[in-house]
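Mapped onto our numbering, the consecutive letters of the sequence shown carry residue numbers 1 to 348.
Everything labelled a hint here was simulated from the structure, so no lab data went into it.
Computed from a predicted structure; not experimentally measured.
Here a beta-carbon is modelled for each residue, glycine too, at the ideal position from N, C-alpha and C.
One or more hints might be untrue.
Once the Cα atoms are required to be at most 30 Å apart in a straight line, the calculated DSS-like pairs of lysine-lysine come out as [said to hold, decoys possible]:
#	residue 1	residue 2
1	Lys72	Lys126
2	Lys215	Lys72
3	Lys131	Lys32
4	Lys126	Lys282
5	Lys133	Lys73
6	Lys73	Lys180
7	Lys215	Lys32
8	Lys73	Lys131
9	Lys133	Lys282
Have a look at the derived ranges for each label pair, beta carbon to beta carbon [stated by the list, open to error]:
#	residue 1	residue 2	range
10	Ser183	Ile122	19 to 27 Å
11	Lys180	Gln156	15 to 23 Å
12	Lys133	Ala65	28 to 36 Å
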Amino acid sequence: MDLVKKQSSAVSDVGAWAMNVISSVSLIMANKQLMAPAGYAFVFATTLTGFHFSMTALIGLVSNATGHSTRKKVPLWELLWFSVVANTSITGMNLSLMLNSVGFYQISKLSMIPVVCVMEWILHSKHYSDKVKISVMVVVVGVGVCTVTDVKVNAQGFICACVAVLSTSLQQISIGSLQKKYSIGSFELLSQTAPIQALSLLLFGPFVDYYLTGKLLASYKFSSFALFFILLSCLLAVFCNISQYLCIGRFSATSFQVLGHMKTVCVLILGWLLFDSELTLKNILGMAVAILGMVVYSWAVEADKQTEAKASALPKDASEENVELLKQQQQSDGSSPLKDVELGKSQS
């Protein structure tokens with residue numbers, strides 16, 4: 001019975017990762033066609049994200065109304081706080097991309113992995129084995145080799161990058177924390193945060209986009225094909241958002257960041273196949289190192305889980321027996337008596 005449950009859980013885990021990778025890569029490809037000057041030049045990225053969350057909120061509302069999902073109570077102040085952090089992440093990333101070179105933007109994204117690790121250690125006292133730390137560094141080096149090119153930075157861009165990295169890391173950690181704290185599923189949590197994010201992004205998004213691009217949304221001429229790609233982008237974003245919450249709820253923010261770089265590798269390959277992007281030997285070597293790091297990371301995490309499972313399976317009396325043996329050994333050696341931690345006094 002336990003074996004069947006483990007196999008079912010493994011299949012669900014793989015399905016969640018596959019859904020996230022496929023939907024994320026497809027979303028990037030659709031947005032590239034929609035936003036590129038050679039495509040439909042819809043450059044209003046923040047407003048487009050508002051459309052994404054509007055579609056997500058609508059689907060969540062329909063799902064709750066039809067009884068396909070249940071609405072669990074989460075305090076409004078926590079939803080508002082989370083939405084502020086998430087929207088700061090979106091705005092910060094857009095500003096960072098605008099003010100910094102592509103190379104520094106990629107470095108800031110790579111820095112999220114160690115930042116998430118440090119924040120999980122500070123907020124949740126989470127520790128990582130040496131195997132996990134080494135595999136994380138391999139992934140960072142591999143993705144850095146295949147993506148980082150020119151690196152130029154200025155004071156404004158550096159501040160925006162720091163805000164973007166910190167808010168994105170905090171948002172991803174908060175997704176898992178809220179799900180555990182209120183025993184709420186990924187889609188149920190997303191359906192409650194999406195309306196708040198959609199409303200705020202639709203209100204302030206056009207102003208942010210005007211600052212970033214110097215263009216007004218009202219001046220854009222919508223064609224039927226542009227509307228099709230906007231709708232396609234919104235549908236893909238729903239799957240991407242759901243799978244992101246699902247993956248972080250099942251694993252951790254760190255695992256999501258590390259294995260999420262598989263999307264970067266897929267985007268590079270698809271860009272080479274579909275958009276005639278240049279793929280150099282440096283890119284190929286970097287992707288190979290990154291994939292190796294992801295494989296090692298998966299093995300290291302699984303090994304740590306098995307170690308923790310064996311430790312938790314030990315009988316409770318084992319530690320007490322070890323203490324008694326240690327006491328007897330010290331008494332026979334004539335060494336100093338042990339301090340009884342529970343009683344707070346020495347044993348005679």
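Note to self: Going through the numbered hints above, which ones does this structure break? Give me the numbers in ascending order.
What the structure shows: 2, 3, 4, 5, 8, 11, 12
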